[in-house]
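Protein chains: 2
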Amino acid sequence: MPTDTLPRSEHDKLANAIRSLAMDAVEKAKSGHPGMPMGTADIATVLFSRFLKFDASTPDWPDRDRFVLSAGHGSMLVYALLYLTGAPEMTLDEIKNFRQLGSKTPGHPENFITKGIETTTGPLGQGIATAVGMALAEKMLAAEFGKKAVDHHTYVIASDGDLMEGISQEAIAMAGHWKLNKLIVLFDDNDISIDGPLSIADSVDQLKRFQAAGWRAERINGHDPEAIAAAIERAKKSSKPSLIACKTVIGYGAPKKAGTSKAHGEPLGADELKGAKEKLGIAPEPFAIAPDVLDAWRKIGARGAATRKTWESLFGTLPPKKQAEFRRRIAHERPAKLAKALAAHKKALLANPQHIATRKSSELAIEAIVPAMPEFLAGSADLTGSNNTKAKSAVAFSAKNPKGRYIHYGIREHGMAAAMNGIALHGGFAPNGATFLVFTDYCRPAMRLSALMGTGVVYVMTHDSIGLGEDGPTHQPVEHVASLRAMPNMRVFRPCDAIEVAECWELALNRIDGPTTLALTRQNLPQLRTDVKVNRSAAGAYELVKAEGKAQATLFASGSEVEIAVAAQKLLAAKGVAARVVSVPSLDLFLEQPADVRAAVIGSAPVKVAIEAGVRQGWDALIGHDGVFVGMTGFGASAPYKELYKHFGITAEAAAEAVLGRIG
Amino acid sequence: MPTDTLPRSEHDKLANAIRSLAMDAVEKAKSGHPGMPMGTADIATVLFSRFLKFDASTPDWPDRDRFVLSAGHGSMLVYALLYLTGAPEMTLDEIKNFRQLGSKTPGHPENFITKGIETTTGPLGQGIATAVGMALAEKMLAAEFGKKAVDHHTYVIASDGDLMEGISQEAIAMAGHWKLNKLIVLFDDNDISIDGPLSIADSVDQLKRFQAAGWRAERINGHDPEAIAAAIERAKKSSKPSLIACKTVIGYGAPKKAGTSKAHGEPLGADELKGAKEKLGIAPEPFAIAPDVLDAWRKIGARGAATRKTWESLFGTLPPKKQAEFRRRIAHERPAKLAKALAAHKKALLANPQHIATRKSSELAIEAIVPAMPEFLAGSADLTGSNNTKAKSAVAFSAKNPKGRYIHYGIREHGMAAAMNGIALHGGFAPNGATFLVFTDYCRPAMRLSALMGTGVVYVMTHDSIGLGEDGPTHQPVEHVASLRAMPNMRVFRPCDAIEVAECWELALNRIDGPTTLALTRQNLPQLRTDVKVNRSAAGAYELVKAEGKAQATLFASGSEVEIAVAAQKLLAAKGVAARVVSVPSLDLFLEQPADVRAAVIGSAPVKVAIEAGVRQGWDALIGHDGVFVGMTGFGASAPYKELYKHFGITAEAAAEAVLGRIG
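Protein chains in written order, with UniProt numbering: chain Y, 1 to 664; chain H, 1 to 664.
Don't take every hint at face value.
If chains are identical, the list can't say which one is meant, so a pair holds when it fits in one copy or spans any two.
Said to hold, decoys possible - DSS-like mimics (lysine-lysine), calculated; alpha carbons at most 30 angstroms apart, straight line:
no., residue 1, residue 2
1, Lys299, Lys236
2, Lys400, Lys208
3, Lys28, Lys642
4, Lys646, Lys30
5, Lys262, Lys337
6, Lys208, Lys236
7, Lys148, Lys240
8, Lys30, Lys392
Just so you know, these hints were derived from the structure itself, not from any lab.
As the structure is a computational prediction, the values presented were derived from the model and not from experiment.
All chains, please: the whole structure from these sequences, using the hints.
Here it is in structure tokens:
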């Protein structure tokens, strides 16, 4: 892209158009954050007018540069840019409807609402960490498909808040280690946070910190267009990711509030707004953009059309199969081979039943999946051998080996989760990452964004209960399955055997509009399923063992406790009590089924028991609040796992006794 | 404390005693982490034999140095140290019972199980971040009570994993900013992580990174006792917190596994263990410690007795009132004035009802509490003006003003939560910290440790639903109240008006054995309570409005939705339907009540409705799975909050209609 210098007066007009819209929209909405867009308007103007490879008419062009506004509260910056550059759906009415119900301009940028937004931001630190995933995907995809298909940058505007969040450290450490040199972070270095001057809470030398993480870093005047442009030029030439700390004035132009925390999170107010417009030389009318300025911006928006066409031509010279594969990958379409591979795998399991941990079953499934699905991108937060996520054929990705398809994320669960969002959003890969289930607590803000945005990320979470044994309560999830089930649009599977594991992987990989958590055991489990024709996990729950005669009790269980339910059923049968067993690989998916389906599975047996080595919360939906729950009521303990199951009373005997007690 | 040089041979005997016990205990337990204690034995030996101010017989001596093993998987290091130095309950049998049910030696160090353990560690990064809170508490308490009462150091042994976790960045940024120069981190710099050499996942220059955060940092040979001692000497003289990167060999002494990830997380195995003992010159018998070595260690354990007695004498010269106040503070006893202040506050509310947000009610409660409770230590993660946690009289803590009693934690929710654990564990303060409820996701690993350890931390979480309005779904908690209720020992309050807020604050501050989350609104609410004699929130739920006649329906609600329930009750009354309203400030506390108490509050009205602007999960315990739930089923949206309540159907009309529909 050309990086022609603009006369300063022209630049100022462009930048002030952003400031103007931001001030007006926040004022009209009576809420929002004017200071950030006013402070970063110069940076954004330089980036968009001279560097960013984009075509406003085609926001889904695969080889566009990615632009991430990590400081999502400054959403009016990006809405203004979308409107000014002529993004199809971003009308002036949308700008006027800032923060109103049904608008394309919600309080924080939401990629599932607004075309042209690359990722949802607002929770601080997420944008920069997600951008690392995007840049990683770019590097991997370029290595695979070549520069004709993939050759773009990822730009981030980040705030002090982004850099204070711990996740930013995980993200920059990964980016530095991987030498993601096409990642360029423009730091809105304004020395102001909500509580006041940054100095009341922070004194980190950010340049030095980024350099320590393997970044190129420099500081410039964020209101000097040529300094900004020169810094971006230097960054583009670097072999490292770059931090450009841009010294800015928050609320630039506001006569009294500029440079203070008062410009941060509330409308400027009529007087200050008027003063700012006078100072900046902007017409006083709300939402007025001079035609020549709008025209100049629209030209910027159209500037990339030629580049995009060049890309189309170049891409068109690739072998047709490669083109089709690239398009498939970018569209998140699954390969036809996948279903066949999993069907064969399930058949093999049926022929050769496995008595293994579900983390191990998952490894078997992964071995079946990998040859069928080149976009399958596994990884682990330094628990590879425990999570069993690495296929034998998988090679580690590294700066030197960008074709590697296994990611060692390091001990950075949160960074891993956010990077996976970025990888999924970029397109080209189906990311899955692993740690112990208990450490979903570390990932949770990014997992929530997976759910909110609807990214098809798979969280492979092993060691899913007290069944992990000796590591004790700090490592034993008790409330995690329940708390993940509580999260809207997060699918949680807790499969009971190797066949359910294969089914759940199948469902997870085909779920491209939302994330899935697979909760897997450390301990061995028998293979309970004797059929593979139908993916029974797809209903969330199903009858695994029929009652002999009219059922007096139904035993519901998930994961490792299905074995216990089956044993309890046998104990009861021996005592002449007919009971059935319902396996519940996904309680949340089951609760989404139509009422008649649910009623049929729940059945009418008078005694209802749920068995799960976790808290009761959520199970009342199946067993009622008068049902019997066999599970945990508090934290676990450190001991061999079989002792723990006895200690906490999660046994077939306890379940059978509870039923007998109810029957009387 | 004396820092006399030990002959190298003597030092080696002491260090090898640690290695020996660690190897043997892990071998016997058939699980655990031998490599870390073997690698850090020299560091720990130098620290304990020459520097650490402690008296093994009195692990609760208030002015002891704090020692935190952040790399909690190396728990055998600290168990060995406790046994060797003669901690009262740590017998050799306990060491032999490593990782067994009921032992004092669980897989990871648990301060609620084992005396002498300062904090529970294992989830990486938590130890170092908790230690920052301890060092902060030391500085604040020393400023208040003087060096005669408080003058100790906080030492941490941290691993690569601790430093890769994002929370470590938040923690070190705070420590550097606050100039916590009595915090000394000994970094077990062994270049190995579970997946292999650290270089596969990390290339951060840790020294430079810590220096960027305002730390003193240097690198030494972690197996050279004199180098370790000299570095600690230098650190003690620094005006900054110190990182001492100690280059070590993981599994030091193991002939084949030393220096590899194989030494990390599994028993060495018989051959390797034998070889290690030969190499180190340790007797081959399991758990054998030569009498002279044990004797030398026991002398180290008793070394601090004299210092402790000196402290007792010096402390005894303080004015008796000051002594009593210090003892009260350290014991987490609440001042007598507190109850009176809150009673007066509630009376004043009754006389002068408030129509304000509960975050504002909370501010009023804080204004009442602060003069009565000098240990009350509020703070916010850069949302002071939104969280309303700063009393007018409160002055910000800073390096220059250690008497300040308000903490600007910066945009570091996770670091704040962990620091609060450290402050509470240290003693002397009752910490509470604030952010938006949705960002409990960022705090969750530390909140879980609050719950597991039973620290009396108060989480002030405002903007607790879609009621925050325009900021949209990234900022609107939907599943958070449910997911916090799922966490064992976490008390969650969602008060409905200013009086309930005062009651919940009272319950939270008097809960010294577990954490409390206060979920508070952004939006204004009416004062619904008309009585203050009994703290009705203490039961978790209670009948707020009686039915006129025999109740046909019960409307349960929490927080901002109680107002809606009350309005629905009136709508129903107008239609001749008698309904009662039950306010549920704490669903989890209510579910802990005896069955008869619960039954009485739940009542027998045929229609049960729960209203909460969150997910349904958990409410079935009150309303049954056939009850009516008026709440959220997915994420929120960006709009003024009144529109959102209508949009999502959380209104009195919807609740009343649902009841009428059921009654038919």
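Going down the list of hints, with the structure as the test:
1. Taking the shortest Cα distances, Lys299 and Lys236 sit within 30 angstroms of each other inside one copy (24 angstroms), while across copies they are farther apart (62 angstroms).
2. Both within a single protomer and between protomers do Lys400 and Lys208 lie at most 30 angstroms apart by alpha-carbon distance, with minima of 25 angstroms and 25 angstroms respectively.
3. Within a single copy, Lys28 and Lys642 get their C-alpha atoms only as close as 63 angstroms, which misses the 30 angstroms cut-off; across copies the closest is 17 angstroms, which meets it.
4. Within a single copy, Lys646 and Lys30 get their C-alpha atoms only as close as 59 angstroms, which misses the 30 angstroms cut-off; across copies the closest is 20 angstroms, which meets it.
5. Taking CA atoms no more than 30 angstroms apart as the test, Lys262 paired with Lys337 passes in neither setting, with 58 angstroms inside one copy and 37 angstroms between copies.
6. In this homomeric assembly, Lys208 and Lys236 come within 30 angstroms of each other (Cα to Cα) both inside a single copy, at 20 angstroms, and across copies, at 25 angstroms.
7. Within a single copy, Lys148 and Lys240 get their C-alpha atoms as close as 22 angstroms, which meets the 30 angstroms cut-off; across copies the closest is 52 angstroms, which misses it.
8. In this assembly of identical chains, Lys30 and Lys392 lie within 30 angstroms of each other by CA distance solely across copies; the values are 27 angstroms between and 57 angstroms within a copy.
Violated hint for the displayed structure: number 5, the only one.
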